[in-house]
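Top to bottom, those sequences are chains S and X.
No gaps in the numbering here: position 455 of the first sequence is 454 in numbering that gives the first Met the number 0, and each next residue is one more.
No gaps in the numbering here: position 92 of the second sequence is 91 in numbering that gives the first Met the number 0, and each next residue is one more.
None of these hints come from the bench; they were simulated from the model.
Please note that a few of the clues may not be correct.
Example chain X residues on the side facing chain S (calculated, C-beta under 7 Å, incomplete) [what the hints assert, rightly or not]:
id, residue
1, M0
2, K1
3, K3
4, V4
5, F12
6, T13
7, H24
8, N26
9, L27
10, L31
11, L34
12, A37
No experiment lies behind these values; they were computed from the predicted model shown.
Glycine included, C-beta positions come from ideal geometry on N, C-alpha and C.
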Amino acid sequence: MAISDADGTPSGGTARQDASPAAGGKSNARKAGVAKGQRKPPHRRERYFGDGSAAAEAKKGTRGKAGSAAQESKLDAEGFGGAAEGFGGMGEGLTLAEDLGLARREPGGGEAEADWSAWGEVSPDGGRGTKGEERREEGEVADEEEEDSDGVDRETKAMMSKYSRGKALNTAKFPGRLKAKMEHREKVIGQGVLTAAQAEKWLLPSEAGYVEAEGVERTGNFSQADIVQHVGASSRRAAFDLKLTELGPYKAAYSLNGRSLLLGGRKGHLAVVDWRRCNVTTEIQVRETVHDVCFLHNELFFAVAQKRYTFIYDKRGIELHCLKNITGSGALRLQFLPHHFLLASISKGGVLDYVDTSTGSHVAHHKTRKGRCDAITADPRSGVVSLGHSNGTVTLWSPSMGTPLATLLAHHAPITAIANDVSSGNYLVTAGMEGRVRVWDVRKMREVHSYISPTPARTIALSQCEMLAVGFGSAVEVWKEALTSKQHSPYLKLRIQSSGANRNTRSGGGGGAAATFAGATAAAAVERLAFCPYEDVLGAGHAEGFTSLLVPGAGEPNFDSLVANPFETGKQRREAEIHMLLDKLLPESIMREPDRIGTLLRPHERQRNLTQTLVSKANAAARAKRVGKRPGEKKGGEKEGGEGGGGGGEGEWRGMRRMRRRGRRKGGMG
Amino acid sequence: MKVKVLSRSEEQFTRERCQDVQKVHRNLDPALHPLEKAKEYQRALNAVKLDKVFAKPFMGALGSHADGVSAMARSPTRLNCVVSASMDGDVRLWDVPYKRTLCRFTGHSRAVRGVAISADGDTMLSCGDDCTVRLWQLPAPEIKELVVEGGEEEHEAVATFQGKNAFRAVDHKWKGRVFATAGAQVDVWEHSRSDPISTFTWGADSVYSVRFNPAEPEVFATTGSDRSICLYDLRMSTPLRKVIMQTKTNSLAWNPREPLNFTAANENGSCYSYDMRNLSTASLVHKDHVSAVMDIDYSPTGREFVTGSYDRTVRIFPFDGIKSREVYHTKRMQRVFCVRFSGDGSYVLSGSDDANIRLWKAQASQQLGVQVKREKRRAEYNAALVERHQHLPEIRRIHKHRHVPRPIHNAIKLRATMVAAEKRKEENRQRFKKKSKGVTKKNEDKKKSERRNKIIAELE
Numbered sequence: 000m001a002i003s004d005a006d007g008t009p010s011g012g013t014a015r016q017d018a019s020p021a022a023g024g025k026s027n028a029r030k031a032g033v034a035k036g037q038r039k040p041p042h043r044r045e046r047y048f049g050d051g052s053a054a055a056e057a058k059k060g061t062r063g064k065a066g067s068a069a070q071e072s073k074l075d076a077e078g079f080g081g082a083a084e085g086f087g088g089m090g091e092g093l094t095l096a097e098d099l100g101l102a103r104r105e106p107g108g109g110e111a112e113a114d115w116s117a118w119g120e121v122s123p124d125g126g127r128g129t130k131g132e133e134r135r136e137e138g139e140v141a142d143e144e145e146e147d148s149d150g151v152d153r154e155t156k157a158m159m160s161k162y163s164r165g166k167a168l169n170t171a172k173f174p175g176r177l178k179a180k181m182e183h184r185e186k187v188i189g190q191g192v193l194t195a196a197q198a199e200k201w202l203l204p205s206e207a208g209y210v211e212a213e214g215v216e217r218t219g220n221f222s223q224a225d226i227v228q229h230v231g232a233s234s235r236r237a238a239f240d241l242k243l244t245e246l247g248p249y250k251a252a253y254s255l256n257g258r259s260l261l262l263g264g265r266k267g268h269l270a271v272v273d274w275r276r277c278n279v280t281t282e283i284q285v286r287e288t289v290h291d292v293c294f295l296h297n298e299l300f301f302a303v304a305q306k307r308y309t310f311i312y313d314k315r316g317i318e319l320h321c322l323k324n325i326t327g328s329g330a331l332r333l334q335f336l337p338h339h340f341l342l343a344s345i346s347k348g349g350v351l352d353y354v355d356t357s358t359g360s361h362v363a364h365h366k367t368r369k370g371r372c373d374a375i376t377a378d379p380r381s382g383v384v385s386l387g388h389s390n391g392t393v394t395l396w397s398p399s400m401g402t403p404l405a406t407l408l409a410h411h412a413p414i415t416a417i418a419n420d421v422s423s424g425n426y427l428v429t430a431g432m433e434g435r436v437r438v439w440d441v442r443k444m445r446e447v448h449s450y451i452s453p454t455p456a457r458t459i460a461l462s463q464c465e466m467l468a469v470g471f472g473s474a475v476e477v478w479k480e481a482l483t484s485k486q487h488s489p490y491l492k493l494r495i496q497s498s499g500a501n502r503n504t505r506s507g508g509g510g511g512a513a514a515t516f517a518g519a520t521a522a523a524a525v526e527r528l529a530f531c532p533y534e535d536v537l538g539a540g541h542a543e544g545f546t547s548l549l550v551p552g553a554g555e556p557n558f559d560s561l562v563a564n565p566f567e568t569g570k571q572r573r574e575a576e577i578h579m580l581l582d583k584l585l586p587e588s589i590m591r592e593p594d595r596i597g598t599l600l601r602p603h604e605r606q607r608n609l610t611q612t613l614v615s616k617a618n619a620a621a622r623a624k625r626v627g628k629r630p631g632e633k634k635g636g637e638k639e640g641g642e643g644g645g646g647g648g649e650g651e652w653r654g655m656r657r658m659r660r661r662g663r664r665k666g667g668m669g
Numbered sequence: 000m001k002v003k004v005l006s007r008s009e010e011q012f013t014r015e016r017c018q019d020v021q022k023v024h025r026n027l028d029p030a031l032h033p034l035e036k037a038k039e040y041q042r043a044l045n046a047v048k049l050d051k052v053f054a055k056p057f058m059g060a061l062g063s064h065a066d067g068v069s070a071m072a073r074s075p076t077r078l079n080c081v082v083s084a085s086m087d088g089d090v091r092l093w094d095v096p097y098k099r100t101l102c103r104f105t106g107h108s109r110a111v112r113g114v115a116i117s118a119d120g121d122t123m124l125s126c127g128d129d130c131t132v133r134l135w136q137l138p139a140p141e142i143k144e145l146v147v148e149g150g151e152e153e154h155e156a157v158a159t160f161q162g163k164n165a166f167r168a169v170d171h172k173w174k175g176r177v178f179a180t181a182g183a184q185v186d187v188w189e190h191s192r193s194d195p196i197s198t199f200t201w202g203a204d205s206v207y208s209v210r211f212n213p214a215e216p217e218v219f220a221t222t223g224s225d226r227s228i229c230l231y232d233l234r235m236s237t238p239l240r241k242v243i244m245q246t247k248t249n250s251l252a253w254n255p256r257e258p259l260n261f262t263a264a265n266e267n268g269s270c271y272s273y274d275m276r277n278l279s280t281a282s283l284v285h286k287d288h289v290s291a292v293m294d295i296d297y298s299p300t301g302r303e304f305v306t307g308s309y310d311r312t313v314r315i316f317p318f319d320g321i322k323s324r325e326v327y328h329t330k331r332m333q334r335v336f337c338v339r340f341s342g343d344g345s346y347v348l349s350g351s352d353d354a355n356i357r358l359w360k361a362q363a364s365q366q367l368g369v370q371v372k373r374e375k376r377r378a379e380y381n382a383a384l385v386e387r388h389q390h391l392p393e394i395r396r397i398h399k400h401r402h403v404p405r406p407i408h409n410a411i412k413l414r415a416t417m418v419a420a421e422k423r424k425e426e427n428r429q430r431f432k433k434k435s436k437g438v439t440k441k442n443e444d445k446k447k448s449e450r451r452n453k454i455i456a457e458l459e
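Using the sequences and the accompanying hints, generate a full structural model.
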């Protein structure tokens with residue numbers, strides 16, 4: 000396998016692309032590099048040492064070749080670690096010219112040697128210490144290739160772009176003292192970025208999961224049973240099936256740290272499950288229709304949209320609050336914004352309400368005037384809530400504005416599901432009744448790709464590693480890297496099995512139901528999909544209960560204990576809660592560009608802002624008049640196909656821009 | 000088919016025993032830390048508010064004097080040792096942490112105007128309206144042992160120097176056993192001689208204050224009733240140079256870290272920083288007081304100075320800032336006659352007309368006592384946040400806001416109106432000025448900058 004892979008690989012150029020942040024959709028050099036390396040370690044090894052020895056020949060004659068050959072055999076015997084592969088991957092991308100240039104600059108490579116010694120000492124797992132030692136010897140061959148003039152190896156440099164937030168300032172334009180100040184600041188920031196990048200090697204020991212096809216296989220043809228068969232016993236426990244046939248269909252939600260699972264059956268069955276330990280934390284029957292469930296800031300509290308009101312329960316199932324006078328009656332969907340402690344709910348009448356769950360105050364009450372809506376999602380990067388409406392539009396909302404921040408004609412059919420990209424926050428995925436799933440770039444409000452679901456998607460979900468799961472009928476399609484580039488076949492095609500035949504019954508579950516492994520042929524309609532954070536698990540609530548599916552590569556492999564800790568103790572949870580409350584953001588800080596918070600407006604921008612407010616007011620008035628006609632949407636409707644989907648929204652955007660420009664001109668004159 | 004699924008064993012990610020430290024895993028990926036700017040802003044806002052919540056600068060009062068406190072001096076060698084003098088001739092040595100008098104120096108029959116402690120910290124000088132300068136021995140042993148429960152020791156002067164006129168100020172050289180007094184003239188004395196070793200006069204009827212340069216021991220400066228600031232060198236028989244200002248200077252202080260620079264406390268409520276090499280222009284004008292500034296003292300770090308004013312407030316200015324960073328006042332504090340920084344730069348002492356010496360924190364919201372490392376880091380982080388966001392309107396508003404008593408608030412407003420009126424008048428004068436033929440750009444009377452316009456003449 001190793002040899003054939005190595006032969007069939009492209010040139011060094013692509014390898015470099017793999018490692019460069021631009022190529023990876025997540026701009027995550029480490030992931031791209033390591034993941035690839037993981038899958039094709041032999042190829043890496045082959046290419047790296049091939050190149051290394053070639054470079055060494057150019058510089059040092061035969062000695063390098065001999066050394067590298069010896070090294071190869073040593074490492075071969077040991078097997079490759081992830082970090083070493085990353086290193087190898089970087090080595091590939093070098094050209095001979097660069098090699099020679101660097102060799103001229105640093106013939107001894109002393110600095111590099113020091114670097115390698117550090118590598119040897121501070122290795123992430125104890126076993127690699129000796130390897131580091133060996134690498135140091137071998138460093139003579141590789142060091143000149145690896146380091147730039149500033150002593151930072153390229154791997155680190157590639158990682159740095161992930162941590163650098165934007166470009167560095169051009170300090171040349173600042174006068175006198177300010178220049179020195181800004182230069183110092185830039186230096187400090189640069190050092191911070193470098194330290195973060197260097198620390199990444201040691202701080203992030205885990206690697207993302209994967210499914211890999213061999214030979215003529217295709218990952219799309221693997222069934223869940225195949226995957227479950229091939230994983231270890233502990234992972235197998237994550238794939239389970241809760242047979243709850245009577246009170247479904249079930250909504251499912253995971254807590255922020257992925258530890259708890261909240262299930263809400265339509266007929267009033269609520270359960271909180273510590274799914275890793277197969278432990279039911281609480282289980283209640285509210286004897287009312289349950290429309291939606293969601294966890295609040297931790298697994299101790301959850302909100303349930305019931306027949307008339309939204310209720311908040313605690314982990315023992317005790318009703319804490321009934322948001323009677325606050326949320327509009329009959330909320331259909333709930334969305335919690337953890338950084339703002341806001342619970343957004345959209346009701347049958349299309350009223351969007353925001354409730355502050357830390358103070359209990361009613362923050363906002365927006366009438367969407369677009370009728371019934373049961374597609375809601377929130378952008379984790381900004382807190383902007385997106386609603387998908389039955390007229391095919393998506394509206395973006397913040398609590399501080401009574402009109403949408405933006406409107407987008409996404410489909411020519413009612414929108415059935417909507418999901419925000421969790422990691423970068425740049426993408427929005429919508430599914431329409433006409434059977435299309437479209438990916439939007441929310442920065443440009445433009446469609447980037449579209450996919451087809453054979454029947455209209457009921458639910459969609461996005462994972463931390465940008466896996467897209469689309470649920471329609473009883474099928475779940477998982478697409479990998481579907482947001483950044485157009486994919487032609489799904490990564491996995493899964494099917495929710497009906498509970499016809501039980502293979503293995505386990506204790507757990509509630510309401511007299513039994514938990515089983517999937518293993519039957521009949522199908523159950525998917526109701527709600529949710530990726531479990533920090534795990535390769537996709538939870539699917541369906542008509543006959545809940546199924547936990549393994550989707551390798553879905554979850555972020557390395558969690559941050561201070562952000563969300565799947566293994567947190569009670570004390571840690573209490574402390575985290577306090578920190579969350581201290582850092583709680585005001586509802587007014589929700590805006591489409593949250594990075595503008597903490598920056599100053601220049602005087603002309605302030606003027607423009609003022610004008611914009613006036614313009615948007617005028618716009619709103621005009622829109623209110625237009626409601627019957629909807630000319631903007633008609634305009635969008637004229638276009639067809641991939642581009643046309645965004646037409647309406649785009650038209651509206653352009654119109655807005657034009658007006659703003661006009662306003663600006665006016666402001667300038669004033 | 001190859002499959003790998005994330006699988007974390009609980010043992011690996013949690014501690015083994017309850018005595019172990021909890022394992023913390025970090026992932027600095029920006030994707031996991033959304034809204035970081037907004038959060039940082041929120042933290043800065045919280046930090047600046049907490050700063051206000053914890054701003055309790057008043058530490059206590061040393062209140063045994065029977066009359067207004069006229070002068071203070073701190074020991075260069077001991078942190079807890081401060082000498083103060085009052086208008087009734089009382090001179091006291093204080094144990095500051097315990098807020099008690101250690102001993103009294105009796106002998107002056109009338110108001111004491113100046114006190115100074117010698118560079119070695121062993122002797123103390125006081126001078127006053129009874130035309131004498133008295134030299135005292137400061138108690139040498141550990142101060143705490145010296146205190147007899149319930150009683151204050153009384154000390155007699157070691158030596159008395161008789162002058163012809165009342166003395167207004169005294170300062171000791173930073174090296175050696177020489178000191179200078181100010182009064183009708185400037186006298187320079189030696190500890191062992193009963194007569195002045197030299198005398199300087201240059202115009203002024205009386206000299207109000209004298210301060211030696213901390214770096215160049217022979218150089219000192221005085222301020223006088225002819226509205227002058229005068230520089231002297233002991234190695235020369237005549238004064239070096241002087242600058243005459245529009246209003247008189249009450250006191251001055253040398254910057255201990257940049258000893259070429261000194262700051263003068265002016266009667267008009269402003270302080271003027273000068274470079275002693277160029278007295279034709281002030282290098283900076285520090286404005287915030289609404290009445291005469293009576294005394295000024297630099298922090299040992301040289302980064303800020305404290306001023307006491309006739310408007311009953313104490314202010315702390317950064318050495319390079321035109322506005323004060325802090326203002327201290329209490330209901331009962333009357334006109335402040337003397338201020339001193341403590342030797343470690345973290346406290347400020349003010350002596351006022353109400354016969355009290357008040358002890359203030361130099362950083363109003365500073366947490367006192369031993370801090371654990373975590374607390375220190377937190378304080379540093381908060382300070383950095385505020386510093387970073389200080390230009391944002393909301394944070395600036397909270398950060399800059401200082402409550403001042405109503406009379407001062409009104410006086411500030413009145414002053415602003417007066418300054419605006421003056422400025423407008425000057426602008427109008429410039430605008431409607433007749434352009435006469437002989438006037439070129441060079442000799443037309445241009446509007447002087449604020450740093451110059453209060454300076455009348457520089458004399459050599």
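(message) Please list, smallest to largest, the hint numbers that this structure does not respect.
(response) Every hint satisfied by this model.
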